[in-house]
Amino acid sequence: MKITYSWIKELVGVTLSPESLADKLSMAGLSVELLERVGDDWVYHIEVTSNRPDWLSVNGIVREIAAITNAKMKKYQVSGIRCQVETKKNLTHLSIDVEDHKDCAFYYGNLIAGVKVGPSPEWLKKRLQALGMRPVNNIVDITNYCLMETGQPLHAFDLDKITDSTIIVRRAKKGELIGLLDGTQRNLNEHMLVIADAARPIAVAGIMGGSGTEVCDKTANILLESAYFDPVVVRRASRMLGVPTDSSYRFERGVDVPTVKKALARATEMMIEIAGGVLVYTGQAGKAPAQKSKKISFCLSEALDTLGMEMTPAQAKNIFRKLGFILSGGKDRFLVEVPTTRRDIKIPEDLSEELVRVWGYDKIPLTAPAIKPFILETPVIQALEAAVKGMLTKMGLKEALTYSLTGEDDYKKTAIEFSDSPVELENPLTRDYRILRPTLIPSLLNCVSYNVNHNNKDLEFFEISRVFSSKNKQDVHEAQSLALVLCGDRRSAWSRESRAYTLFDLKGIIEAMLDELRIKQYEARKSDALPFAEKDTGCEIAAGKDVLATICKVSGAVLRAWGIKGKVDVFAAEVSLESLARRSDLKNSYTQVVSIPSVVRDVSVLAGQNASYGRIKAIIEAKGAGLVRSVYLADTYTGREVAAGQLGLTITIEYGSSQKTLTDEEVNSVHTKILEALSAELSLKIR
Amino acid sequence: MSVDYSYIAAEAKSQIEAASDKAAIEGLRIKYLGRKGVLQDHMAKIPELAPEERRAYGSGLNDLKNNISAWLAEKEAALGVAAPPSAAGYVDVTLPGKKPVLGRLHPLTQVEGQICDIFCRLGFKVFKGPEVETEHNNFVALNIPLEHPSRDAFDTFYIKKCQVSGVRCQEKAHDIGNMTQETLLLRSHTSPAQIRAMKAAEPPMAVIMPGRVYRPDAVDASHSFMFHQVEGIAVDAQIRFSDLKGVLIAFAREMFGKDTKLRFRPSFFPFTEPSAEVDISCFLCKAKGCPACKKSGWIEILGCGMMHPHVLRSGGYDTKKWRGFAFGMGVERIAMLKFGVNDIRLFFENDMRFLEQF
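Chains A and B supply the protein sequences, listed in that same order. Per my numbering: the first sequence = residues 1 to 687. Per my numbering: the second sequence = residues 1001 to 1358.
Chain A with its partners taken away, still in its complex shape (with noise of 0.2 Å):
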């Protein structure tokens, strides 16, 4: 809304600078957003809320004004007497037909003969061109003005265009079509309101008029409208048509009952006086509804004790009378009756804001708060989500954080195929950002694709974020998952130390992570599952039916389709942090530090496709007879003596015992019996 200083101190005798003034203003809830010297006048440019349709209009601001400087309200009326009917003048009678009044509650309309059109007089033309509105003519111009300054969008027909002298006010029909006076032509349908004559609709009810009827230089008869369309009617057919207009803005958030006809009054007087001719009929359908005004019963100590401020009931029912609320009662509960242009007040909370917005906010003093104790248990996977980002971090990892928006060609680059239909959206901006994600992967390839391109070779990152799915399709299911990448080089200060990343660097991020949230159970194991991973290389990592974690090597193939050039390997997992939640401890306790002394054994073997690492430690574990303190790999080597497709592999045994010290005698019998077990059950050579 915009309202310009001069136009103010025309209706109110207000003696505060433009600045103050706008200062004022914002601080009692009209938000300046900009105050602009323009000529020799200011415009505020004044951000109105959606509560309080009474300050689009330049009458309602300067009410306000009034109430909150003290300042008096100069005598605005309307004549009244330009407006008396000469019937003298042979005009045909109009026929005004309201089908719904749930639709349009009443509808004035005016005929207006032998006008002038022609361009505004100086002080219209200038009083618009301030309120950023263009000067159309005489008749345009006059009802934008009224609208600004009233609040009531009018509208003007040019009454010898309306077929039959005849105005309906119905719902239009499907496929129904209008030229408006935007210059574009539109399709309607049933959800629309139309203002039509005897033939077809000339105006969008509450929104935009026709350009059939338009007014133009030849115009003499005018239809003047004034009326009261549906809120909602108005909103919707205003989104559905895509066209917002200051008509629809009004209309939706409600128009002031009374002013409808006072407005109406007000134009044709400007007309009359501006543009000549006489008013030769005024029609009508429907009627206003009698205003019951609005009483609430307000106990001013409650109101105080909510805001903690202390005031005086003289000083509180000061501030409701200057804004026009009409009290009776005691001292502390009284009633307070509500005027019709603030359909805004309905409970007494809204009563103490209008106390609290004029009195000021400062005025409330600070106190220290009593915030008690609670339950509210936190979820495991709230703590567990703190925990492993802190674990990630220490790890070196950066957090990333992408959309949770993407698009279908991010699943194409990542060759990832939907077995069921991802969540979409229905309104997505564009196709790039239609569907809630089910996996974290392909945001974070483009995340390495961007820095890669950027001249960042050596990359770990990992996000946490909700993932989304649609099981029966009807329930979206929210999951929190993690997912990790490394790029390029293990960076070392001093360079030559760098090395290239490896599938184990990540499996082993993973890994620590698990043993941090000491989840014991788990296996590791070959997967052909993930899309993206290049041969061979995808991983999962189980307990039981869960699978907590995969990864992989990314494919050449992905690494292209993402941009992602150069000789660059890229690492990619992703974890359940669901399934982590359910199997971990975040509880830590003590174990007892061994201090009897072990005795480490090594077993160099060829490792291949049937004899994993995995296999060999499970038998070594199962076979050391509980003399196994842990089993861990020294080395892996290749060689010429290492066929393809086997591995060299040499295995550390810690073998030790909590009750003693073990003999040679002891370790050789266990060591032997496992060495045994691996050639037996794994036809393993031991080298």
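Honestly, the hints are just simulated from the structure, not real lab data. Some hints here could point you the wrong way.
As the list claims (entries may be wrong) - One side of the interface only, derived from the structure: several residues of chain B facing chain A at Cβ under 7 Å:
id, residue
1, K1098
2, G1123
3, K1125
4, E1131
5, E1147
6, Y1158
7, M1226
8, A1234
9, T1260
10, F1264
11, P1266
Unchecked claim - Restricting the straight-line Cα-Cα distance to at most 20 Å, the calculated cross-link-like pairs of lysine-lysine (PhoX-like) are:
id, chain 1, residue 1, chain 2, residue 2
12, B, K1125, A, K372
13, B, K1261, A, K346
14, A, K623, A, K567
15, B, K1261, B, K1295
16, A, K394, B, K1099
17, A, K317, A, K295
18, B, K1075, B, K1065
19, B, K1099, A, K457
20, B, K1013, A, K471
21, B, K1321, A, K372
As the list claims (entries may be wrong) - In silico contact screen, one side only, chain B against chain A (beta carbon under 10 Å); selected entries:
id, residue
22, A1044
23, G1060
24, L1061
25, L1064
26, K1065
27, G1103
28, P1107
29, R1151
30, P1203
31, R1212
32, V1247
33, F1269
34, M1352
On a predicted model such as this, the values are computed, not experimentally measured, just so you know. For glycine and all other residues, C-beta sits at the position ideal for the given N, C-alpha and C.
Given chain A, put chain B in place with the hints provided.
For chain B alone, kept in the frame of chain A given last:
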């Protein structure tokens, strides 16, 4: 055969002590420890010995070798000659340290964490709601009627409904006539979490609710269709607007500095009554006027108010017994101000050179 090493030892020691420079030390090192040195000569004799003598002979030689090495190093150090690079030699302390690569949380996570931490110290607990919400929780329960202009501030992404018996049941998103309360959407603010938190906890209670929110805004330097908010409510029998002011000033002083001032301006939010917008005194220019505060000295930072009775009822709380205050703020806005980031898109590009600065 027994060998007396004491003579060799004594001679070596006196010669080493007499050495006056690096070259002399190096010469003695070669003389005694070199490949054709004195000790090597004796080593070569080991195979000639009877097996039972070898051990004593060898270990004696070994001790001697260690002693001579130690005397050489000692003398070398005394002469101020640094150790050769290969062994205990020259150390260039100006070489760069081997800094470990540090991990980092995203700046938005850091700011969100700071905000939540401050409120948690004041007695709030963190509560997180889902990002896909019902239209009821996102609007109706929060006193935002469907098809009402107060919804204009909350443009919303809707979830496409599935196909039921081959017919798309929600053909058009904008067919507002067909909206039901079961309609799902991406929450356009964190406020629906208020409703869930109230259902999860008995009053008195105080929760802080961070999270991602979505609005169909075209992306530019200051708009993003996905962003983060933190929302808080506190409900108690006697809680007051003055308490809200007290909590917010405590927050602002911790977050933006101890001299921070607050300014409350009347505003409108459907879910609070009375409502206010809160400005903080500009911490960048100390309220002198800068581009960030548009020369006003004030920066708009959050919205707040007393919880509307409709909202308390939606959460299942008895409005005769309980009242509450609520506030909410944008994480990106605060992060942009605090770090001097001038383009919201930087947060979601994840350029390593950006992320490594926080």
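Which of the numbered hints above does this structure break?
-> 9, 13, 14, 20, 22, 23, 24, 25, 26
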